[in-house]
Amino acid sequence: MTPIDTSSDLQLSGERGASQRGLTIGGRDALEEATEILEEPSKNIKRKILISINLIVGSVVLLHVVIQLATQGHLPAPARDNVVLPLIIAVNLGSAAYNLWVLRGEHRERPRLDRLTRWVSIGLIQLACLVFVHLNPNTATSVLFDQTLSILTVFLTGIIIGRGAAIAWFAVTIASFVFAVQTRGVEFEYVLMTRSELAAMHGLAPAAAQAREAAATAEGLTPLPLALFAIISLVYTGLTLAATYFEAGLIGRVTAAMPVAVQKIQIAAREKQRLAQENLRMGLELDVAQRLQAMILPRGAELQRHAGLEIAAHMVPASEIGGDIYDVLEGPDGSTCLVIGDVTDHGLASGVVMLMAQAALRTALEQTAGDLVPSLVRVNSVIYKNVSERMGDARNLTLALLRYHDGEVRVAGQHESVIIVRVSGEVEEIDTLPLGINVGLLPEVDDMMVESRFTLALGDLMVLYTDGVTEAESPAKAEFGTGRLKESVASRRSLPCDEIVRGVFADIYRWIAGGIVHDDITLVLVRRTA
Amino acid sequence: MEVRETEAVVRFSPETATVYFSGALRLANVKAYDNVAKLLHAAAAQVGEQPLVLDFKELKFLNSSGITALSLFVVGARKAGKPQLKLVGSKATAWQQKSLANFQMLWKEVPLVIE
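So the sequences go chain by chain: A and B.
Just so we're aligned, residue 1 is where the first sequence starts under the working numbering, counting upward by one.
Just so we're aligned, residue 531 is where the second sequence starts under the working numbering, counting upward by one.
Hints are computed from structural coordinates only; laboratory data are not their basis.
None of these values were measured; they are calculated from a predicted model.
Just to be clear, a hint being listed does not mean it is correct.
To be verified - Label-pair ranges, simulated between beta-carbon atoms: (1) A:Pro-443 - B:Lys-568: 14 to 24 Å; (2) A:Thr-35 - B:Ala-622: 25 to 35 Å; (3) A:Thr-368 - B:Gly-553: 35 to 45 Å; (4) B:Gln-580 - A:Arg-453: 40 to 50 Å.
Claimed, not checked - Pairs of lysine-lysine residues, derived as BS3-like cross-links and limited to a Cα-Cα distance of at most 25 Å, are as follows: (5) B:Lys-616 - B:Lys-638; (6) B:Lys-621 - B:Lys-561; (7) B:Lys-568 - B:Lys-638; (8) A:Lys-486 - B:Lys-621; (9) B:Lys-609 - B:Lys-568; (10) B:Lys-590 - A:Lys-477; (11) B:Lys-638 - B:Lys-612; (12) A:Lys-477 - B:Lys-609; (13) B:Lys-587 - A:Lys-477; (14) B:Lys-587 - B:Lys-638; (15) B:Lys-612 - B:Lys-561; (16) B:Lys-609 - A:Lys-385; (17) A:Lys-477 - B:Lys-621; (18) A:Lys-385 - B:Lys-561.
What the hints assert, rightly or not - Far from chain A, some chain B residues (derived; all Cβ distances over 10 Å): (19) Ala-547; (20) Ala-610; (21) Ile-644.
Just so it is clear, CB atoms sit at the ideal spot from N, CA and C, and this is done for glycine as well.
Given the sequences, and given the hints that come with them, work out the whole structure.
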């Protein structure tokens, strides 16, 4: 990574996050969709049935009121009807209006209003059932005919409210029926008149006919016109049809929705499987990338081979490797070449670029007898041709080369700064920004790579690092920074290099406090010992 | 002309011949910067002989992929000899001091104004 990048890792993990949501098709979860498809047919059934019942009851009562007022000028029992009937109309039409509103999606449903409209609508019908059966002036027809509304209401209660309510109403209606039968008397018989008996009755003198009617009424057998039964029967039939119409379509629509839902579920299952494979593949790829990177780093024993220098180095790769590179190579005439760099971007390709850079660099240093600028130019050419031209990838790397010989350090190429901790504790920072340009970015960099020199006195420490160190983030998103790095090294300057490295890493880990390691963290410590 | 990314906006104003960068650009890789590159090329075509100003003052963050993408644009402009570029940055933002100088290294004649 070049000096200012801490985010690519986050970005990439963000991308993986998106593919983990691979279950989404067109922004929605396939399983959620399947559930919706299956629920859709039954979702508004209760509401539709309730609306139709409300409309039937409300309009029938309204019609009744209008007819009564038009023909009689008043309602049959004004004291009761003037209050009860408008209330029934208001409740039913109000409930119908609310539920229609919700059904058309113009109003958000409110669970409380839902419950209220259901219970009140059904409650009124149940009350009507009891009133019809027990306050009917003809106790014989109430058992025979009016009881049918109670039976129908078992069905309505079950659909609109639920099974428990239906069972409760079933119990009530049976009790009501038993009571009605007892009121009429179990010994009562429905006796139908023959034609001659009917003719005889019609032939009665007015006084006798009136007496007969009075006797019948006194016994709770008030004569009722067939037209009344016909109208009531029509209303009951309408209610039954309303409930059945929507309920009967349900099974058909659920069945029709099944294949689509199953298809969605299959898509979800396939996506899940693909995702598992993808995760496995990515895991393997990252594992391979980390191993490639670790494979080519100098061994511990190699670091000890350099006369006059004590060297310690450590790299912690990020979960998705960041392509950090460091190396320590023997140069000509007993010099030591140090390499530090960082490939842009993350992942396997960054690891591969790092490998190429290391191989090209080693070859270049050998061929140029450790001449830094020509080596950088050659490496640039190799990386540009291989990565930009052949791989078609825009990866490149910061790369600084240092060559130590006899207390003098030459440095070339652009990377992070080089920190010097003098034996006195004084800290210096050497900026490599003017010493070059990213390697592999441009086809030719001849005029851009520059060499600079500084001296390293006996006991002086030189710190090479990648931005993984300085950009390590605390939980509060603050960066570790060069200030803390300098302090961390300076305070341990009397310790052996490997202990300083361990100490600095301990400081970094304390700083990130269990947070994510966004980028490879590389630290190389060099001390002049002779 | 405008490109909107999650955390950033890149906008070209023909009146001032300036591309304004604002927010934080952290796109996943160089390829992800294609839209920004397209805007830059379109802006370059539009300004013609006038210098094109790249104003980074409001850009808080630019990752290495973004630097690579912009570098490629600067190098392309140098090769073509046009448009003339002018880079404007802010002292307040740490990355700009470092990286804008890098763009200048790609094409030494490009004036860099750090305000």
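Against the structure, the hints:
1. Restraint check, Pro-443 (chain A) to Lys-568 (chain B): a C-beta distance of roughly 23 Å satisfies the suggested window 14 to 24 Å.
2. Distance hint for Thr-35 (chain A) and Ala-622 (chain B): a CB-CB separation of about 52 Å, inconsistent with the stated range 25 to 35 Å.
3. Take Thr-368 (chain A) and Gly-553 (chain B): their Cβ atoms lie about 44 Å apart, and the range 35 to 45 Å holds.
4. At roughly 43 Å, the beta-carbon separation of Gln-580 (chain B) and Arg-453 (chain A) lies within the given 40 to 50 Å, and the hint holds.
5. Of the supplied pair hints, the one linking Lys-616 (chain B) and Lys-638 (chain B) holds, its CA atoms being roughly 11 Å apart against a limit of 25 Å.
6. A distance of roughly 29 Å separates the Cα atoms of Lys-621 (chain B) and Lys-561 (chain B); the hinted pair therefore is violated under the 25 Å criterion.
7. Proposed proximity of Lys-568 (chain B) and Lys-638 (chain B) is supported: the alpha carbons are some 24 Å apart, at most 25 Å.
8. At most 25 Å may separate the alpha-carbon atoms for a hinted pair to count; Lys-486 (chain A) and Lys-621 (chain B) meet this at roughly 24 Å.
9. For the hint pairing Lys-609 (chain B) with Lys-568 (chain B), the CA-to-CA distance comes to about 17 Å; that is within 25 Å, so the pair holds.
10. Straight-line distance between C-alpha atoms of Lys-590 (chain B) and Lys-477 (chain A) comes to about 15 Å, which keeps the hinted pair within the 25 Å bound.
11. The hinted pair formed by Lys-638 (chain B) and Lys-612 (chain B) meets the criterion: a straight-line CA distance of about 14 Å does not exceed 25 Å.
12. Annotation: proposed proximity of Lys-477 (chain A) to Lys-609 (chain B) is violated, straight-line Cα distance about 40 Å (limit 25 Å).
13. The suggested pairing of Lys-587 (chain B) with Lys-477 (chain A) holds, with an alpha-carbon distance near 22 Å, which does not exceed 25 Å.
14. About 21 Å separates the Cα atoms of Lys-587 (chain B) and Lys-638 (chain B), which keeps this hinted pair within 25 Å; it holds.
15. Between the alpha carbons of Lys-612 (chain B) and Lys-561 (chain B) the distance comes to roughly 23 Å, so the proposed pair stays at or under 25 Å and holds.
16. Our distance criterion of 25 Å between C-alpha atoms is met by Lys-609 (chain B) and Lys-385 (chain A), whose separation comes to about 18 Å.
17. As the CA atoms of Lys-477 (chain A) and Lys-621 (chain B) are separated by approximately 21 Å, the hinted pair is consistent with the 25 Å bound.
18. Simply put, Lys-385 (chain A) and Lys-561 (chain B) have alpha-carbon atoms about 18 Å apart, close enough for the 25 Å limit, and the pair holds.
19. Annotated as non-interface, Ala-547 (chain B) keeps its C-beta farther than 10 Å from every C-beta of chain A; the closest such distance is 26 Å.
20. The Cβ of Ala-610 (chain B) sits about 15 Å from the closest Cβ of chain A, beyond the 10 Å cut-off, so the non-interface label holds.
21. Every CB of chain A lies more than 10 Å from the CB of Ile-644 (chain B), the least distance being 14 Å, so the non-interface label holds.
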